[in-house]
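**Student:** One-letter residues, chain by chain:
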Amino acid sequence: MNTTLNFAWRNIWRHPRRTILTMLAIAFGAALLVFSIGLQLGQYDLMIKGSISIYQGLLQVQKKGYLDEPKIRNDIKDIQNLARTIRDKTGIKSITARANGFALVSSEQRSYGTLITGVEPEYEKLVSSIPGTIKEGRYLLSDDSHEVIIGKSLANNLRIKTGDELTLMGSGRDGSIAATILPVSGIYDSGSKELDRNLIQIPIKTFQEVFSMGNAGHALIFYHDEIKKEHFFRQQLQQLIADNNQLLTLSWDQLQPGIKQAIELDYSSGWFMYLVLVAIITLSILNTFLMSVLERSREFGIMLALGYKPFNIAKLVMLEALILTFFALTLGTLAGLAINVYFAVYGLTFEGMEEIAQMYNMSATLHPQITFESILIGPLVIFIFTILSALYPAMKIRHLQPVEAMRKI
Amino acid sequence: MPQRAMLILLILLSLSLSAPVQAESAKQLIRQAIDNYRGITSYSEATMTIHRPDWERVMSMQAWTEGLDKSLVRITAPKKDKNGGTLLIADKMWSYAPKINRVIKIPASMSNQSWMGSDFSNNDIARADDIIDNYTHRIIDSRLQDRVKIFTIESVPHENAPVVWGKEIVTVTEDHVFLRHEFYDQDNILIKTLTADEIKLIDGKRISLRQRMQKNGRDNEWTEFYTTLIKFNIKHDKNTFTLANLRNPG
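Keeping their order, the protein sequence lines are chains A and B.
Sequential numbering of the first sequence, starting at 1, is according to this note's numbering.
Sequential numbering of the second sequence, starting at 1001, is according to this note's numbering.
Check before you lean on any hint, since a few could be wrong.
Only pairs whose alpha carbons sit at most 30 Å apart, straight line, appear in this in silico DSSO-like list of lysine-lysine [to be verified]:
(1) A:Lys71 - A:Lys193
(2) B:Lys1167 - A:Lys71
(3) B:Lys1080 - A:Lys77
(4) A:Lys260 - A:Lys229
Honestly, the hints are just simulated from the structure, not real lab data.
Pulled out of the complex, with its shape left as it was, chain A reads as follows (with noise of 0.2 Å):
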C-alpha cells in the first residue's frame, strides 16, 4: 500500500503545472460554493429573523382554531397571568400577550379598516421592533393608558399626527358595539409597509375594556433571535401551557408560511444553479484525469506485463484522484472559509439590494453563515461527483491488454 500511495503521489506531481491547474479548477469551485452556499444561508437566517422579529415573533400560543379563524370569541381567559406565570418558569422575559380585533378608525376626515392589537408594553417591547421604530410621539406607556400608535402609512393616510384622535369602532367580544375615542402618541415606521398601513395598538386593558374582553386576549408572543433552539423553546412552552388542551404553541413558520416557502423555492432553484456548476468543474476534471490515463497506456502496459494487477492499476489511479481532490478541496474550502469569516466580520452590500431588504424587513447587510453544514457541503459534493468521475478513466484500465498498451504511445 505504501508503495502505491508513493507511486500515485510522485505520478500526481510528474506534470506539475497540470495538477496544479486541475487542483485550481477544483479549489475555485469549491471556494465558489463554499461562499454562495454560505452567503444563500445567511441570507434566509436575516429573512427569517427580520420577519419574525418584527412582528409574530418566534413562537406563539393561540387557542385551538385561532389561527385559520381569528374571530374575537377564539380566546384566552386571563392572558396576562398566564404571560407572568410563563416569564417567571422559564426566566425569560421576551413573552408578551396580546389580544387582536378589527376597527374601522377614522380621522376627523377619514376611515380606514384595520387590525388592531391591545399589547402589554413593557414586554411588547422585547417582543417586536415595533416599539423601536416610533418616529414621532413615543410607545404607549402602560397596560392602561389611553392611547393609541399607528403606523406611518395609516398617518398619511388619515391625515393625523401625534397628539390628535383617532376615533374607533368595532365589534366586541359580545356582539356589541365596540367604539372609542384615543389620542395618537406615536407614530411607528416598522419599515414592513403592509403592517405600516394595517395595524395600530393600544394598551391590552384598554382593549379589553373597549372590546368587551373581560381578561381575555388572543395570544402571546415569544421571541428570541436564536431561531435554531426554536425546538427545545417549543417544547419548554408546550409543557408549561399542558394543562389546558385548548392551547398550543405554534412556530414562525406556521405563523407565516410564506416566508419558509419563498426560502424553499429560493433554496431549490439555488440548487439547480449549484448543480450546473458542480457538473461543469466535473466535466473539466474528468477530461483531466481521462487524458492522463490514456496518455499512460504505455506505462500502464509495462506494469501490466512486470505482474501487475489490473486492478491495482486502477486502484492507483484512483489513488491519485483522491488525493489530488483532497488536497484541492482543503485548499478551496478553507478559501471559501476565509471569504466568508470576512464578509461575516465586515458585511457585504449589494447595490440595490436594499428595497428587496426592506420588503422582507431584513438589513440591507449580508453576513454568511458560518456552520459545519454550510462550509462542508459544498466540497463533499463536489468530491463525491470528482471520485466518481475518476472511476470511468480507472475502469478502463482493466481492459488493457498488455502488448497493445505498450504500443499505443
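Please build the complex by placing chain B on the supplied structure of chain A, with the hints as guidance.
**Tutor:** Leaving out everything else, chain B in the frame of chain A:
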C-alpha cells in the same frame, strides 16, 4: 338592513305589485322585483338574531326606508347598543356609536366586513340595484307552487363588474317575493344563502317576514332577521335620512 337584505328586505319586504309578469326575461324579472320598492316608503320593526355554536345575540331595531336609496336603521335593544344605528344613502353608509357620540362614514374598503357582527356584510345591506346592470341574468328554472309561478335566475357578473361574487342564484316568485338568494365565490363555491319565508299579505303586498342568512357548511352559524311590524307608504319627516337624525334619535 342588510343590503341585499335590504334589497331583499325591501324587496323582501317585498311587495307584490299586481302587474302580472308575462314574457319576462330574467333581467326584467329582477328589475321589476327591485322596482317594486322604488318610490315606496316603509317603517318597520324587527329583531335580528345572530346565532353561533356557543352563543347567541338578539337585537331589536327600527328601520325607515324610502325607495331603494335611503334607509335608516336604529338599534333599540340591547341597552348597551341602544340608539346606535346605520344610515344609508345611495351607496354611502354611516354608522353612529352613541358611546362616543360620533358618526363614522364606512369606507368602501370595509364593504365585506360584517354588519353589526351579523352574517350580513356591509355590502349586503348597502348595495341595492347594481345587480341589474352589472350582471347577466338567465332563467334556469321555473315551476308552479301553490298556483304561484316561481323563477330561479342565475346572475353572473360581467367581466369587469365591481362585485365580489362569482355568481348569484336568486329564486323569486312572479309577484316579486324573493325566496332564496345564493352567493357563490369566484370559484363557484357556495358561500352563503339567504332564505325568506313566512310570507304574509300586508297592505296589499306579499312580503316575507323572516329572512335567514346562513354560511354554507356551518349549520350552527346564521343570522335571522324577523320583521315584527311593517307599514308601507308612510310619510317620513324630511329630516329622517340625515346625519343629524342618525345622531339624535328622538
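**Student:** Check each numbered hint from earlier against the structure, then list the numbers of those it violates in ascending order.
**Tutor:** As far as the earlier hints go, not one is violated by this structure.
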